[in-house]
Amino acid sequence: MKIQVGYVPLTDAAPVIAAAERGFARDEGLEIALSREPSWATLRDRLALGHLDAAHMLAPLAIASTLGLSGPQADLVVPMGLSLNGNALTLSTPLWAEMGAPGGATAEVAAAFARVAGERAQAGRPLTLGTVHPFSCHTYQIRLFARLGGLDPQGLRLVVVPPPETVDAMATGSIDGFCCGAPWNSIAVEAGLGRIAALGCEIVPDCPEKVLALPTRAAGYGAPLVRALRRAGSWCADPAHREELAGLLCERAGLGAPANLIARTLSGEMMLDAAGTARTDPFYLRLDAGAHAPRPEQAAWLMEQMASAGQLAPNAALAARAGAIYRPDLFAAL
Amino acid sequence: MTETSLTVAVIDPSRARAAILEEGLRAAGIGTVAVIADGPDLQVRVAALKPDVVVIHLESPSRDILEQMSSLSRQAERPVAMFVDRSDRTMMQAAVDAGISAYVVDGLRTERIRPILDIAIARFNAFARLQRELDEARTELADRKLIERAKGILMSRRGLTEDEAYTLLRRQAMNEKRKLADIARAIITAADLLG
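Keeping their order, the protein sequence lines are chains V and C. Per this note's numbering, the first sequence starts with residue 1, numbered consecutively. Per this note's numbering, the second sequence starts with residue 1, numbered consecutively.
Hints listed in this document are in silico derivations from the structure and should not be mistaken for laboratory results. Nothing here was measured: the structure is a model prediction, and the numbers come from that model.
Have a look at the derived ranges for each label pair, beta carbon to beta carbon:
no., chain 1, residue 1, chain 2, residue 2, range
1, V, Gly-247, C, Arg-26, 47 to 53 Å
2, V, Arg-26, C, Thr-189, 30 to 36 Å
3, V, Ala-105, C, Thr-110, 51 to 57 Å
4, V, Gly-68, C, Glu-59, 21 to 27 Å
5, V, Glu-243, C, Leu-108, 50 to 56 Å
6, C, Ala-122, V, Leu-334, 45 to 51 Å
7, C, Arg-138, V, Asp-238, 44 to 50 Å
8, V, Asp-238, C, Arg-109, 54 to 60 Å
9, C, Arg-112, V, Arg-217, 32 to 38 Å
10, V, Gly-103, C, Arg-109, 54 to 60 Å
Even for Gly, the Cβ is constructed at its ideal location relative to N, Cα and C.
Just need the whole structure built from these sequences, with the hints factored in.
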């Protein structure tokens with residue numbers, strides 16, 4: 001059976017790409033045609049209108065699409081997660097200097113950030129931070145980071161910047177920082193433009209990031225696809241395959257980064273600044289089996305974040321509909 | 001119906017396609033039509049133009065930027081909603097098939113948007129057809145050049161006449177069930193390699 005699977009070029013699209021290119025789909029009798037999408041909106045619309053049979057999707061966007069909050073309403077289910085974490089918050093080198101180059105824990109960095117952001121907001125020149133889509137954990141992580149430092153997120157100007165454009169936007173000074181997935185933070189650091197202020201997992205541990213979104217009409221290929229992606233995800237997480245995977249992503253995913261840099265984002269050996277300050281966190285990006293089970297509490301948390309960002313008015317009916325999108329029962333049945 | 005009071009923004013990575021759409025919308029009597037280039041200050045320029053409708057190519061990465069304008073619509077002075085008359089899935093499907101996505105200000109009636117979308121779909125499809133024809137013409141020309149070169153090689157190496165060389169090529173193509181141009185390419189490669 002031949003299916004079209006959409007993805008956006010990011011390191012965490014690895015399980016989908018590996019399933020297509022390393023035989024995991026074939027073992028399940030599936031032939032995956034990969035479709036690289038230029039934006040989350042395009043991916044979402046193509047999935048809703050049936051051009052795609054499945055997609056690598058931002059966890060909150062799968063919910064928003066089903067609730068009709070974003071784009072054409074779609075009936076989606078999330079039978080598995082593809083990744084936890086993987087984002088980072090990068091601040092421009094001048095902003096980092098203005099913050100006094102805070103060392104140490106995330107709380108301390110957040111406090112320094114909040115101080116500068118507060119001053120700027122008071123002066124009528126709020127800091128501008130880039131996120132990848134309104135319905136993304138990137139948006140919520142920026143907001144939570146601000147709160148961690150004691151700043152009301154209303155004091156920030158959030159703008160959407162597509163990941164491949166983040167580095168240019170920082171270079172031209174149109175943004176003071178951004179929250180984005182790998183490898184774009186590392187590319188900005190490598191270019192000497194920014195400083196990774198916090199890893200996503202330091203703001204929200206085990207943050208639900210990308211999921212497999214399937215239309216409810218995915219008859220016949222849902223179960224084999226989930227089986228293939230679970231095996232592919234575990235293969236991707238195995239350090240023994242890191243080099244091969246980095247090469248595969250380099251050539252197949254359109255990441256615009258060299259293989260060694262992608263390999264670092266896979267292993268969580270992050271370079272925080274151009275001077276080579278390193279931080280290693282094995283949970284920086286999780287593709288392993290622990291990231292796969294779709295947990296209803298993840299959906300509930302995402303709904304809370306959406307409500308807090310003013311994207312929806314919470315009510316019991318909405319919460320119930322959102323909870324039904326996550327399908328641990330389908331996952332457990334395999 | 002002329003819509004002299006409407007402002008439409010066109011955003012498309014292809015300048016040629018944007019120009020064709022712009023011309024079509026002008027001809028239909030749309031009041032203001034502006035082509036906005038993809039780029040970092042897109043949001044600022046869209047906000048300054050205050051369009052009633054934004055027609056954007058589906059493949060434009062800037063779509064996510066416009067999504068923000070729609071998600072923040074409650075605060076915005078002129079709220080923008082994703083075009084989707086959600087009741088009209090056929091229209092939406094036709095637009096997406098043609099490579100179009102559109103965003104409209106909240107409250108604009110469907111009857112006013114539909115002619116714009118119709119024009120956009122017709123123009124985008126015509127553009128795709130032209131592109132296809134151009135590609136075919138290019139391939140045909142390139143193929144003809146290959147066949148001429150292969151004929152020349154056969155004529156000089158084997159002392160054949162032009163007709164004999166062509167007949168040989170055709171017979172080979174029929175026997176191997178391949179395109180004439182493929183056989184020609186194989187002959188040229190062999191000649192290049194073997195000198």
